[in-house]
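Order-wise, the sequence lines are chains B and W.
Residue numbering for the first sequence follows numbering that gives the first Met the number 0, beginning at 0 and increasing consecutively.
Residue numbering for the second sequence follows numbering that gives the first Met the number 0, beginning at 0 and increasing consecutively.
Because the hints were derived from the structure by calculation, they are not lab data.
On a predicted model such as this, the values are computed, not experimentally measured, just so you know.
Hints should not be assumed to be uniformly reliable.
As the list claims (entries may be wrong) - Part of the chain B face toward chain W, derived, beta carbon under 7 Å:
no.	residue
1	Leu47
2	Pro49
3	Val61
4	Val71
5	Tyr72
6	Thr85
7	Ala88
8	Met98
9	Glu101
As the list claims (entries may be wrong) - Simulated coverage check for chain W against chain B, where a stretch passes if three residues somewhere in it have a Cβ under 8 Å from a Cβ of chain B:
no.	region
10	59-70
11	82-94
Glycine is no exception: its CB is placed at the ideal position from the N, C-alpha and C atoms.
Take a look at the letters that make up each chain.
Protein chains: 2
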Amino acid sequence: MSLTLYDMDLSGNCYKVRLLSALLGVPLTIVPVDLAAGDHLRPPIIDLNPFGELPVLQDGDVVLRDSQAILVYIARKWGGEAWLPTDPAGLAHVCEWLMVAENEIARGPNDCRLYEKFGDAVDIDLARAKTVRILDLMESRLRISSWLVLERPTVADVACMPYVALIHEGGLTLRGHPSVAAWVDRVKALPGFAGMPGL
Amino acid sequence: MSLTLYDMDLSGNCYKVRLLSALLGVPLTIVPVDLAAGDHLRPPIIDLNPFGELPVLQDGDVVLRDSQAILVYIARKWGGEAWLPTDPAGLAHVCEWLMVAENEIARGPNDCRLYEKFGDAVDIDLARAKTVRILDLMESRLRISSWLVLERPTVADVACMPYVALIHEGGLTLRGHPSVAAWVDRVKALPGFAGMPGL
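With the rest of the complex left out, here is chain B (with noise of 0.2 Å):
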């Protein structure tokens, strides 16, 4: 049975899955879903994911919405302890960029992205300033760390990379923010590394 992932190839949600398969060499069967069509909310979307949002993961019996969590199973099925340690500090902290990517993030370059590239209803003005914050906070922690977590490539930065390395598509920069771009560009320096439309 193939790994199935049920993919918009805009989507960097669905990009990190294809970008962490792609590192670690996992082949991905790619189904393409129309999100315009709305196509995400009818059968058998909606019924694999009642959430009627991408990405979808489907790996025999198991079927997995949101993109952290895929990248979790991903991670720690074929992964071993190096992109997902399982040591109660280092799933934590990892977590903790998890978690980023699931709020902070989302709610600032992505959300800025979705208003200025996809027309989206979003308070930009909120937006704007939670993408200057959580970048500030990133570049702290990159100016003396090459990596989010641990002094390696972990889950944190497939997750915590793509809208971040989209900014430009929310109509903002990362000149500001140097140790930011630099790790962006270690990221896609990394062996297996593949890109997305924009980036």
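Got chain B; can you put chain W on it based on the hints?
Positioned in the frame of chain B, the structure of chain W alone reads:
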């Protein structure tokens, strides 16, 4: 070295940590932080957590922010596989709901409570709509299962319960979601359960 929680008694996020510690019988040293006085934005808190938010957990050299990440740490260190399974599917399914706590519940029930109880600036119509949506999704899950993941309580339930149970402080009710209400009662009946103001 004792396990120290920098805490605010009315915070549902801090309460999650106190609740899991009570359920596992892990003693916590509680250090109350005066948010009204801005103490979360001054040392020692801001040095421990640059995000300037509570809760913060300190366990010797390990310092953690974000309530969901702290639950992962405590469960992994003191809870064995019971509260946080580490097989790929089990861990990922728990993470799906930790992300719901960080995203849908934070922007739904939690935002409604911030607006009604604390007078925070919130798009209340949006927060109410998000609350109904996530309660509907939780109702569907909890109609067919006693717990959010697997057939036993995990950190997923601990992470998602508090702001759902406090929904009356956000001006809403669980009357239309009986399976969610029954699940809240189920969590409250767990051996070792500890409450918080308003619950």
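*asked:* Given Tyr72 (chain B) as an interface hint, is its Cβ closer than 7 Å to any Cβ of chain W?
replied: Constraint on Tyr72 (chain B) satisfied, holds at 4 Å.
Does the closest beta carbon of chain W sit nearer than 7 Å to the beta carbon of Ala88 (chain B)? With a closest approach of 5 Å, the Ala88 (chain B) hint holds.
### Query
Minimum Cβ distance from Val61 (chain B) to chain W below 7 Å?
holds (5 Å)
- Query: Is the shortest C-beta separation between Val71 (chain B) and chain W less than 7 Å?
  - Reply: Cβ of Val71 (chain B) sits 5 Å from chain W, so the hint holds.
Restraint: Leu47 (chain B) near chain W, CB-CB cut 7 Å. Satisfied or not?
violated (13 Å)
Go check the region 59-70 of chain W versus chain B for me, would you? Three or more residues, Cβ under 8 Å, otherwise it fails.
As far as the region 59-70 of chain W goes, the hint holds, because 7 residues have Cβ atoms under 8 Å from chain B.
Would the stated hint for Thr85 (chain B) survive a check requiring a Cβ distance to chain W of less than 7 Å?
-> holds (5 Å)
Can we keep the Pro49 (chain B) interface hint, with Cβ of chain W closer than 7 Å?
holds (6 Å)
> Is the hint on Glu101 (chain B) kept, meaning its closest Cβ partner in chain W is under 7 Å away?
Replying inline: holds (5 Å)
Identify whether the interface hint at Met98 (chain B) stands, where standing means a beta carbon of chain W within less than 7 Å of its own. holds (5 Å)
* Asked: In terms of beta carbon proximity below 8 Å, does the region 82-94 of chain W have 3 or more residues touching chain B?
  -> holds (count 8)
Checked against the numbered hints given earlier, this structure breaks only hint 1.
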